[in-house]
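Chemist: Here the structure of chain A is known, so what remains is to put chain B in place on it, guided by the hints.
Residue numbers (the numbering used here), protein chains in the order written: chain A, 1 to 342; chain B, 1 to 264.
These aren't lab readings, by the way, just hints derived from the structure by calculation.
Take these hints with a grain of salt, some might be off.
Unchecked claim - Calculated pairs, DSBU-like style, for lysine-lysine (alpha carbon to alpha carbon, straight line, at most 35 Å):
id: 1; chain 1: A; residue 1: Lys120; chain 2: A; residue 2: Lys84
id: 2; chain 1: B; residue 1: Lys24; chain 2: A; residue 2: Lys194
id: 3; chain 1: A; residue 1: Lys72; chain 2: B; residue 2: Lys260
id: 4; chain 1: A; residue 1: Lys72; chain 2: A; residue 2: Lys258
id: 5; chain 1: A; residue 1: Lys194; chain 2: A; residue 2: Lys138
id: 6; chain 1: A; residue 1: Lys84; chain 2: B; residue 2: Lys24
id: 7; chain 1: A; residue 1: Lys194; chain 2: A; residue 2: Lys84
id: 8; chain 1: A; residue 1: Lys120; chain 2: B; residue 2: Lys260
id: 9; chain 1: B; residue 1: Lys30; chain 2: A; residue 2: Lys105
id: 10; chain 1: B; residue 1: Lys24; chain 2: A; residue 2: Lys138
Note that this is a predicted model, so its numbers are computed, not measured.
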Amino acid sequence: MLGKSYRVRNMNSVIETEDLTKEFDGLVAVNHITLSVGEREIFGFLGPNGAGKTTAVKMLCTILNPTSGAAKVCGYDIARQKDKVRECIGIVFQDRAIDTFLTGKENLDFHARMYHLDGKTRQRRVAEVLELLDLRGKENMRISQCSGGTQRRFEVARGFLNHPRVLFLDEPTLGLDVQARRNLWDYIKLLNEKEDITIVLTTHYMEEADYLCHRVAIIDQGRIVAIDSPEKLKQAVGLNLISLQIEDSSGALVDSLKQLNWVKKIEARDGSLELSIDGGEERIPELIDFADNRGLVISSVKLYKPSLEDTFLYYTGKTIREEEGSVKDIWKAWMRRSGGRR
Amino acid sequence: MRAIESRRIIDPLPIYTMWLREMKRFLRVKARVVGSLLMPLFFLAFLGLPLNSITARQIPGLEGTSYLNFLAPGIVGMTLLFAGTMSGASVIWDKEFGFLKEVLVAPVNRFSVILGRSLGGMTTAIIQALIIVGIAVAMGVTLSSVAGFFLALVVMVLTCAAFTGFGLIIATKLGNLEGFMAIMNLIVFPIFFLSGALFPIQSMPSWLKYVMYVDPLTYGVDGLRGTLVGISAFPLWLDFTVLIILCLALATLGSYFFSKMEAD
Numbered sequence: 001m002l003g004k005s006y007r008v009r010n011m012n013s014v015i016e017t018e019d020l021t022k023e024f025d026g027l028v029a030v031n032h033i034t035l036s037v038g039e040r041e042i043f044g045f046l047g048p049n050g051a052g053k054t055t056a057v058k059m060l061c062t063i064l065n066p067t068s069g070a071a072k073v074c075g076y077d078i079a080r081q082k083d084k085v086r087e088c089i090g091i092v093f094q095d096r097a098i099d100t101f102l103t104g105k106e107n108l109d110f111h112a113r114m115y116h117l118d119g120k121t122r123q124r125r126v127a128e129v130l131e132l133l134d135l136r137g138k139e140n141m142r143i144s145q146c147s148g149g150t151q152r153r154f155e156v157a158r159g160f161l162n163h164p165r166v167l168f169l170d171e172p173t174l175g176l177d178v179q180a181r182r183n184l185w186d187y188i189k190l191l192n193e194k195e196d197i198t199i200v201l202t203t204h205y206m207e208e209a210d211y212l213c214h215r216v217a218i219i220d221q222g223r224i225v226a227i228d229s230p231e232k233l234k235q236a237v238g239l240n241l242i243s244l245q246i247e248d249s250s251g252a253l254v255d256s257l258k259q260l261n262w263v264k265k266i267e268a269r270d271g272s273l274e275l276s277i278d279g280g281e282e283r284i285p286e287l288i289d290f291a292d293n294r295g296l297v298i299s300s301v302k303l304y305k306p307s308l309e310d311t312f313l314y315y316t317g318k319t320i321r322e323e324e325g326s327v328k329d330i331w332k333a334w335m336r337r338s339g340g341r342r
Numbered sequence: 001m002r003a004i005e006s007r008r009i010i011d012p013l014p015i016y017t018m019w020l021r022e023m024k025r026f027l028r029v030k031a032r033v034v035g036s037l038l039m040p041l042f043f044l045a046f047l048g049l050p051l052n053s054i055t056a057r058q059i060p061g062l063e064g065t066s067y068l069n070f071l072a073p074g075i076v077g078m079t080l081l082f083a084g085t086m087s088g089a090s091v092i093w094d095k096e097f098g099f100l101k102e103v104l105v106a107p108v109n110r111f112s113v114i115l116g117r118s119l120g121g122m123t124t125a126i127i128q129a130l131i132i133v134g135i136a137v138a139m140g141v142t143l144s145s146v147a148g149f150f151l152a153l154v155v156m157v158l159t160c161a162a163f164t165g166f167g168l169i170i171a172t173k174l175g176n177l178e179g180f181m182a183i184m185n186l187i188v189f190p191i192f193f194l195s196g197a198l199f200p201i202q203s204m205p206s207w208l209k210y211v212m213y214v215d216p217l218t219y220g221v222d223g224l225r226g227t228l229v230g231i232s233a234f235p236l237w238l239d240f241t242v243l244i245i246l247c248l249a250l251a252t253l254g255s256y257f258f259s260k261m262e263a264d
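Chain A on its own, in the form it takes in the complex (with noise of 0.2 Å):
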């Protein structure tokens, strides 16, 4: 599951690493990453800020040189064939990168002319990009007066203008609202299947990396803890908990419970239970079926399922400690961060 044993399923990868590394004043930012990215692959890079994943990215797009380790973009060296590597790439920065004095369209305009496109190649392209990110009819708009999702549309248009082969995405949503972030979350998408682009992004939102990405490297103070699928990822981290609370006694419903193969596990702590579920949602009308017929009332069901916090610290946490300690800890921080029980 880590870095050097993983195999890429598509043949031609379009990113490789091997022990990159970054660091700062003796500061290890990243610490030896070595992974392949497919042509045509979305590769997210998930983990908290600081952990190292915009320092990988900025690598990759040749703003930092690696301190050692090395990385071929599209074949190119990104230490020794820096122009090369820039003229196959898209870079959509964290902060906002796009002259606010400027329209969209002129932004758009400038791009392609730093990037050599001629006239026609210009107008054409400009035209395309505009249509598929529906940005038409704001492009004669000054870029201040437009939202923030807005502008990050015009930002994404602007990375993949010049037909890069591999478009960066550093925290592409950091700072939307929930609805612009679905909306950017679709486009690109569909850049990736309309443009046959690679599509390599970081993200701190599980929520993000688990739509978007068709695979996720967890990274943790600049290692890569774990890459793979979203989906194996948080199966990986087990299984969702469900916390139940009854009225009278729930000692009758403890053993009875045990019947059912989707409980893994059940814990009483302060008159409530919590059960280890094999599945989701889905249960809860089952789990209240299930108490009904038995003439127990449940008073309240709460399910809690893994998130990036949970998803993290099962991986930071597996080289420490056993994996039964860490599902416990697992089940403390949910219950910090719901501010559940007193």
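Modeler: Same frame as chain A, now just chain B:
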């Protein structure tokens, strides 16, 4: 094919693109255009006009001309100093607000990027300077000759290029916004006051004269004065020589630092 293009030091399309952007930004921010013209206008109107009627003939070095004639080229020099330095130093802004990042990762030679940007900044600075010349003429300043005017344009370009380079050096070496404003006030204002823009060098005490001799703007202002209104403290060849050397040195150093600047 593109790779060869991108390694070209002088790459016309990006140069034009950067120039165009500066022009568009300049024209779009009306407040900035007006604001940048107000200060020189104040100097001409509230310093030049009153002193014109009081002191003209009492200051050594001003014999045979009016104070306004003397002051106008100095204020043109001031405009170039401020606009040029700002143009170079506003690289900080572009960097801080992200726009520059996008440019720095484009497959374009950095020298072309900064050349285009500086040419844009210089164009806007010289437009401002010409507006000031126009205002000065409207106030009653008499220009010496047509040839002199065109020579003055050359002085403007050299002065402006030198201070754009100077601004770039400050921006790339300093790298943050807060320090930048302090430096601007700490360096740019003395450069202005010690340039002989307001008073003739000849009338200064000798210790101050030597300070003024090392002020680069002194030669810009003197060159402008010589070409525009026909009075100067130094021979024109000296002004031109100093300006050309300064311009080459500062612009080269500025663009060198820029090319070494990290995109992040």
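Chemist: A separate judgement is required for each hint: does it hold in the structure or not?
Modeler: Hints and how they fare:
1. Restraint check for A:Lys120 and A:Lys84: the C-alpha separation of about 23 Å stays at or below 35 Å, so the hint holds.
2. In summary, the hint linking B:Lys24 to A:Lys194 is supported, as the alpha carbons are separated by about 34 Å, within the 35 Å threshold.
3. Distance hint between A:Lys72 and B:Lys260 is fulfilled; the C-alpha atoms sit about 23 Å from each other, no more than 35 Å.
4. For the proposed pair A:Lys72 and A:Lys258, the alpha carbon gap of about 53 Å is over 35 Å, so the pair is violated.
5. At most 35 Å may separate the alpha-carbon atoms for a hinted pair to count; A:Lys194 and A:Lys138 meet this at roughly 22 Å.
6. Taking the CA atoms of A:Lys84 and B:Lys24, the gap is about 30 Å. The hint holds against a cut of 35 Å.
7. For a cut-off of 35 Å, the pair hint linking A:Lys194 to A:Lys84 stands: about 24 Å separates their Cα positions.
8. Distance hint between A:Lys120 and B:Lys260 is fulfilled; the C-alpha atoms sit about 34 Å from each other, no more than 35 Å.
9. Simply put, B:Lys30 and A:Lys105 have alpha-carbon atoms about 21 Å apart, close enough for the 35 Å limit, and the pair holds.
10. Restraint check: the Cα-Cα separation between B:Lys24 and A:Lys138 comes to about 19 Å, which is no more than 35 Å; the hinted pair holds.
The structure fails to meet hint 4 from the earlier list, while all remaining hints are met.
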